[in-house]
Amino acid sequence: MSQAEAIATAAQEARLSEIVTDALQAARAQGASAAEAGVSASQGLSVTVRLGDVETVEHNRDKTLAITVYFGSRTGSASTSDFSAAAIVDTARAACTIAKYTAEDDCAGLAPRELMAREIPELALCRPWSLDMEQAITLARECEDHARQADDRITNSEGATVSTSEGLEVYGNSHDFLGAIATTRHYLGCSVIAQDDAGMQRDHWYSVVRDAGDLESAQAVGQKAAARALRRLGARQITTREAPVLYEAPMAASLLGHFVSAASGANLYRKSSFLLDQIGEPVFSSGVNIYERPHLRGALGSTPFDNEGVATHDRDLVVDGVLQGYVLDSYSGRKLKMQTTGNAGGVHNLMITPGEQDLPDLLDAMGEGLLVTELIGFGVNGLTGDYSRGAVGFWVENGEIQYPVDEITVAGNLKDMYRGLRAVGADVDTRGNFRTGSILLDRMTIAGK
Amino acid sequence: MTNMLEQVRKSLLEPAGIGDSELGKLMAEVMRNRVDYADLYFQHARHESWFLEEGRVKSGSHNIEQGVGVRAVSGEKTGFAYSDEFLLPALTDAATTARAIAQSGGSGGMHIQWHGGERRDLYRPLDPLASLADEAKVQLLERVEAEARRQDPRVTEVIASLAGVGEQIMVVRSDGVLAADVRPLVRLNVTVLVEQDGRRERGSAGGGGRTGYEYFLDEDRALEYAREAVRQALVNLEAVDPPAGTLQVVLGPGWPGILLHEAIGHGLEGDFNRKGTSAFSGRIGEKVASEQCTVVDDGTVAARRGSLNIDDEGTPTQKTVLIEDGILKGYLQDTLNARLMGVASTGNGRRESYSHLPMPRMTNTYMQAGAYDPEEIISSVANGLYAVNFGGGQVDITSGKFVFSASEAYLIENGKITQPVKGATLIGSGPEVLTRVAMVGNDLKLDTGVGTCGKEGQSVPVGVGQPTLRIDGLTVGGTQV
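Residue numbers (the numbering used here), protein chains in the order written: chain H, 1 to 449; chain B, 450 to 930.
Honestly, the hints are just simulated from the structure, not real lab data. Keep in mind it's a predicted model, so treat the numbers as computed, not measured. No incorrect hints appear here.
No farther apart than 30 Å at their CA atoms in a straight line, the calculated lysine-lysine pairs in the BS3-like style are these:
#, chain 1, residue 1, chain 2, residue 2
1, H, K224, B, K526
2, B, K507, H, K335
3, H, K224, B, K904
4, H, K271, B, K507
5, B, K526, B, K474
6, B, K507, H, K337
7, B, K736, B, K778
8, B, K507, H, K100
9, H, K63, B, K459
10, B, K474, H, K63
With the sequences and hints as input, model every part of the structure.
Structure follows, in structure tokens:
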């Protein structure tokens with residue numbers, strides 16, 4: 001960050017901190033016994049180029065203030081995008097009005113004072129990119145050109161998008177906690193259509209980072225998008241069968257997502273999770289380790305404190321297949337008679353220990369089965385673990401890709417799928433909050449013809 | 450419309466000191482570059498929600514969303530900026546930013562003659578948040594929970610939520626159209642958990658529309674949702690593993706119409722077809738369904754969740770025929786894609802909020818009733834699946850492959866509904882699936898008003914509907930080979 005940017009950020013932080021302080025004061029003046037407030041402000045630019053021409057240029061500038069008040073064990077919340085002094089008081093009042101009608105709830109309240117983040121480590125999350133509209137257009141055009149020139153069968157495009165955004169979040173509560181997190185997010189993505197006599201197939205690739213210097217090149221993004229669309233041409237339905245399934249890394253991340261949802265406090269205290277009462281039990285195959293690393297420098301999921309001001313820290317969720325703990329905020333922690341794990345708002349860089357095999361090695365290990373490269377639909381039941389989703393991918397024999405497949409589903413139960421996890425690849429996808437290599441599962445039902 | 454327009458102007462624009470001449474100046478600012486079309490979208494919305502679990506209303510929230518979106522269109526290019534403040538300097542700044550998409554040298558100084566559109570009243574211009582006292586909202590949720598628990602001792606948890614939005618919007622267009630709408634929207638949802646011999650299952654039900662909260666008191670609708678959620682959960686307690694493979698599938702009436710939304714609706718949105726990226730591109734006039742199928746998108750059904758007096762570009766909504774007697778008839782258009790394709794907007798230009806760009810979206814999408822009695826349809830199936838309730842769905846526009854996930858389904862054996870089966874995803878090909886419709890029931894039903902459609906990160910409320918349908922060959926993603 002340049003000095004000028006640092007000064008601008010500091011000024012913005014001071015202004016937002018004042019709004020948080022004013023909101024907490026307004027809540028107290030209304031009679032609240034405790035309160036918390038969060039302000040976020042962001043701005044950004046997003047440019048899409050399609051078939052070489054500019055399609056959209058969007059300028060984003062958003063802000064919001066959210067207040068939660070407590071009257072003993074009763075609570076109410078309100079939010080607004082209006083930061084005027086009158087609006088702050090009105091919003092606090094709206095939250096207080098709601099708290100008049102909500103019931104007593106012994107578990108409601110702020111997170112414990114002693115867990116508030118005392119130091120806020122610098123995690124390299126804010127790296128502004130001075131990208132103007134013309135530069136963004138040039139980069140998007142270059143990316144799409146690489147995709148379109150990759151092959152004659154790339155006949156159409158949904159365009160390439162470049163976006164950059166900068167955000168600042170300030171959170172405070174009546175434990176006298178006040179903390180700020182500045183972040184940036186830069187994106188380059190491309191989606192193209194390949195066509196042959198059999199029809200059209202679309203696929204995409206993207207890169208998303210906190211520091212523009214880490215962005216994949218326009219050439220790499222464009223060429224990967226083209227290659228992914230091309231390899232899907234001629235996809236067909238296979239017959240119904242049972243077979244091993246290999247989830248390509250970007251799809252494997254969804255398996256971690258379902259795990260986090262089932263391990264989350266809100267689903268546990270409502271008895272809505274297949275992981276209920278499973279701490280200490282083997283929920284994954286032996287050898288699987290799943291852990292959280294909230295302080296990874298420059299990572300997309302990193303944060304020094306959670307949505308309640310609780311300091312985040314490294315921790316293990318699964319060791320050698322055995323579940324060690326849940327994903328809790330202070331409310332669900334109290335409901336379960338446990339302590340918050342610093343996960344108000346979710347997990348922060350959830351990772352599974354990568355193996356040493358890359359994707360070709362895993363295909364080889366699978367021998368015959370299905371490589372899944374895209375999933376569609378929402379057929380996951382976190383209460384029972386029942387799983388059934390639409391899939392796109394490749395049929396594999398003798399460790400080699402044979403042909404693309406689509407119009408199939410993969411089904412099973414997450415409990416069995418996790419215990420049947422055979423290998424994790426070295427090909428870790430770092431573009432999101434769930435970081436994993438490709439994942440090979442023992443056996444699922446594939447429905448088709 | 451004139452009264453509504455005056456009402457919205459008074460409440461949104463007057464306090465900010467924005468009158469005709471200020472609107473004219475703002476528009477001139479946008480049009481100073483070579484812009485073909487521009488619009489301003491003023492929005493003010495109040496959202497509230499109340500949440501009950503463990504027998505108590507434990508939380509509630511209130512949210513105000515307001516701002517103005519400024520869009521400038523030049524050829525196929527769109528420039529977009531917005532402000533969350535109703536202040537002239539902020540709006541002028543947004544206008545200057547949005548027009549940067551186009552080259553300088555436009556007609557800036559033009560004089561615009563403002564005129565309002567036709568009057569529509571598909572719903573009452575009320576604020577649902579004020580339609581019931583806060584105590585009564587809490588009591589409604591408490592009654593819902595008591596009703597659910599009363600149904601069966603196996604009910605272990607009841608979660609109920611009540612949500613309402615009171616929204617005013619105004620569209621100001623460079624062609625002089627001024628249009629406004631006041632849009633109420635309410636929704637009530639119930640989820641119950643049941644437990645028997647260590648097995649836990651869930652059931653959900655709900656509904657709503659463009660009305661006040663009294664809708665849930667009329668005909669004891671809220672209590673009916675509670676009973677329905679329990680019924681579904683108890684059915685799921687008995688459900689066995691679902692079959693895997695391609696089967697004859699009978700879809701029940703109402704909400705299973707999500708089939709049409711995914712398989713047909715998205716693929717007929719104008720943006721994908723202008724760009725030629727849809728599996729339906731260039732296929733108008735072709736047979737894409739059995740002769741029994743007529744599918745429409747209708748934004749004009751009174752008080753429905755997906756209905757609008759005007760779309761978010763100020764165009765009155767309409768009933769658009771998508772498929773008639775099996776033949777593909779038309780696309781769903783907003784102004785940008787309609788202009789580029791040389792047709793008229795069908796009133797389907799919608800946006801999530803002032804901070805999002807409009808695009809072609811569905812309203813209420815449903816299939817017209819056919820000739821068959823539903824009993825007759827079921828008894829015609831020797832071996833198949835009867836699916837009556839669904840979760841979400843999704844479609845790949847380009848390949849045409851779509852999914853939708855059943856949450857309540859049964860086996861059909863020798864013409865009889867027998868064993869309930871667990872939820873499974875159904876997958877098919879949009880351009881093909883309706884060609885396999887063998888029987889269309891006479892029992893057209895619209896859903897209860899719970900649908901939300903996502904596209905490019907924007908969510909809008911929608912409706913679906915259909916009569917009972919028999920499809921000869923749909924892939925069922927179960928686990929039993």
